[in-house]
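A.B. asks: Residue numbers (our numbering), protein chains in the order written: chain G, 1 to 246; chain F, 1 to 291; chain Z, 1 to 324.
It should be emphasised that the hints constitute simulated quantities derived from the structure, not laboratory data. It is possible that part of the hints are untrue.
Lysine to aspartate or glutamate pairs mimicking EDC-like chemistry, simulated, CA-CA at most 16 angstroms apart [claimed, not checked]: (1) G:4 to G:24; (2) G:106 to G:118; (3) Z:186 to G:95; (4) F:83 to F:188; (5) G:62 to G:26; (6) G:132 to Z:196.
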Amino acid sequence: MLLKIENATTRFGGLVANDHINMEIEKGDIVGLIGPNGAGKSTIFKSIVGFNPLSEGRIFFKGQSLSGKMTHKICRLGITCTFQHAQLFTNISLEESVLMGAYCRKKTKAQARALALEMINFTGLAGREKLKISGLNMFERKKAELAAALATGPELLLLDELFAGLVPTEIQRMLDLIRRVHGELGITLFIVEHVLRVIMSLCTKIYVLEYGHVIAQGTPESVTQNPLVIKAYLGEDYDASRDIQS
Amino acid sequence: MGVTAYISIILNGMLTGGVYGLFSSAFTFQAGALNFANFSYGAFIMLSMYLTYYTIAVWHLPVAAAVALILLINAAFGILLRKTVLKTGNFGTQILCTMGISMIVINGVSFFCSSYPRDLAILEKRLFLHPEISIGLIQLGCFGLAAAILLGFHLFLTKTWQGIAIRAVVQNREIAAVFGINTSHILDLAFSLSCCLIGVSGIMLMVMFPVTPVFGDYLQNLAFIVCISAGLGNMWGAFFSGIFIGVVPSLIMAILGARFQDPLLYLLFVLILLIRPYGIFTKNKNVVRAF
Amino acid sequence: MNLQPKALAFVREPRKLIGAILLLSAVILILYIPVTKNRRLMTIGIMAFMYIALGESWNIGAMTGLFSIAHSAFFGLGVYGITITLTRFQGPVIAGILAGLILNIILAVIIGGISSKLSGLYFTMALIGLSATIYSLSVQWVSLTGGSSGISMPRAYLLPKRTLYFIALGIAVLSMIFYVFLRRSKAGTCFVTTRENPSLAAALGSNVPFWRILSTVLSASMAGLCGSFYAFHLMSNNSEVFSGAYSLKIMMVSIVGGINSVWGPVLGCLLIIMDEYIRGSMPSGLAPLSVVIYALILILMALVKPAGLASFFEKPGDRHAAKN
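Chain G extracted, bound-state conformation (with noise of 0.2 angstroms):
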């Protein structure tokens, strides 16, 4: 069991953004998380990583409590997650930002940067590494943001919205991509995603989130054809069979 989320709830003052929710990652899956926007995916995600405390409720990875511990420490553990808007680091070149993510596990900079240029290479990027992020289109922000986590050397990777605002040759690609992530690299893939065609073809189990509950898990195909789901958030329209199989 690579991660478990036991009961974790978060309150922000009144508001109940997680309420008693229960995960499991087990190792090599690729799980997804969907769910109507403020249904609190990123809050889940956030905890996770140790930007919010929790109120309740514990997370382990890998049987090891992360109550408590600061994000970095978490980082070198073996979680790393990327960010909805692909920022990234706005004055530095290409290279220096995945550089930054290298240092999480190689201590000189030899060796950071080689790792660097690796994770630059895997992910289509070679030759633009000079270039400050001001310089890189959507696409391409996004593929080193990706870069710049892999380069941490993660078990668990955590992808919040990383298809969103790419046009549909992008988002193949960047299922090919991400493919190669969990195949050729081993990592283990915690998706948040509003692109359906991302989640049903890549996850082999799926949570649905509305109004900080779980109110599904399963395969696609059995979260897809359950009636709260269709309610919350597919809609009666949807026609999974359209997106599974790609």
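Chain G is already provided as a structure; the job is to place chains F and Z on it using the hints.
C.D. replies: Just chains F and Z, lined up with the frame of chain G:
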């Protein structure tokens, strides 16, 4: 020292604290609500004080004309600042520019007026509450005026259309614009009003204290202490903290001597900063960063 | 592919060429001045070198986003550290320098700690409060610091102008080398990412509070060393070293010159040179006016070219990629 002496000190300190509270309130409004780092604040209070001195004691203008002149000059500077420095939005630039303006004003004043202290030297009348406890009538008047002005400003912000518009713009500029509020003009108005408060504070301070070109820096530090202790943006909190700041230095001076007055006050500030940085009176920790 | 040797390529970029020529002339001038034995020129040179080092120290703090509005606090602690050690305690010079460093490290750790709790305007006001505390302590604690009239260094430590000139030059060059070395190291990357996006940096494994404190400590220590040097230059020091005027000058050198470049403070110190010239040529009664002049320049530069003078020497394309 007897109890009556302490009561005297505390009461008088509270009264002068009223004016501290007034200009601190104005500063916390500019800084917290309008999000403007104005480091020329103290300089303009000092300038208002000098203008008060010159208009009343040297040029012998009638009081009403003097007050109007000072308010006008401050409001004008306020609009100038808004048109130039505030436009940038870059916080570092604002600080640098207003610090530069402050240096210009302070050095300009010391060049044209030289640095010896000026004092209106108004004869002090005291009101005796008790054979050994007295308060200055001028201080009482200023306190009353300060409280009245602050109350008026508060009522303006809550009851009048312009005031509500100001609060709307402060909270969410885009939505306010959608409702037909000319955000630029409203912010001009808000800023000019807070600058007028600077002028008024300067006038009242001149009535109570002597002034030198560097007095403004001292007042600005006091304003910072008050505003951080109260919580930025919290106007009533700033007023009451101002009163507190009026009392504490006098008490320190009475008990420990004038030497310790300033250092202890600033050390108290540092302590508040370390223990409760978002302010004593605020509940929301919106000033605290996550990283 | 560009087969021409690098030297020619260098010549083809006009901005870099102009920069190189200016640098060469500056180096010639710097080495020529001590030969002339002109005391006034050497004093101006000393001040310029010292402000270069101070500017580099400010830039090191700025790498993590530290807007050190009261940098003179660090500087002044260095000045007083050595002066008090030498006069009141009759200690050796090394102890004096160490005393200044220790005081600065303590202050820097406090400030670094606060910077992880407070943001923006609050943090700036906190810095001002801290520096006001130090200033008022130096004025009031007369037995230790000599109050506002200050204390003098013992006569025995008076150094000849030439020596001071070369020490200052050495400090300036070392500070520039240190800046470049720091920026290229792991610490430099961690500093800059802390400024640009602290939450992402933490998510990538960077211990953000630690890097903030470290950069503040390094920045403070460098400023403190400059202060210790200044004590030997001025020989008679008072509370004014803690004043806002020094902080403003240091910020001017860094910000007008350019925060993200090692050459920024070098360009910024041109303003210092100008200020020293003007003040030396004017009757002392007009001294406040020189402050007005450089404050106006500061405001103008801040509004017109926030990236600093150094950005004139960058190619316009340097900041963004070519579209392809």
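A.B. asks: Hint check: residue 132 of chain G vs residue 196 of chain Z, CA-CA at most 16 angstroms. Holds or violated?
C.D. replies: 13 angstroms, holds
A.B. asks: Do the alpha carbons of residue 106 of chain G and residue 118 of chain G lie within 16 angstroms of each other, as the hint requires?
C.D. replies: 13 angstroms, holds
A.B. asks: Would the pair residue 186 of chain Z and residue 95 of chain G pass a check requiring their Cα atoms to be no farther apart than 16 angstroms?
C.D. replies: Within the cut-off at roughly 13 angstroms; holds.
A.B. asks: Mind checking the alpha carbons of residue 83 of chain F and residue 188 of chain F for me, to see if they're no more than 16 angstroms apart?
C.D. replies: Holds, at about 9 angstroms.
A.B. asks: Within a Cα-Cα threshold of 16 angstroms, do residue 62 of chain G and residue 26 of chain G meet the stated pairing?
C.D. replies: 10 angstroms, holds
A.B. asks: Straight-line Cα separation of residue 4 of chain G and residue 24 of chain G no greater than 16 angstroms?
C.D. replies: Since the Cα atoms of residue 4 of chain G and residue 24 of chain G sit roughly 5 angstroms apart, the hinted pair holds (cutoff 16 angstroms).
In the structure shown, no violation is registered for any of the earlier numbered hints.
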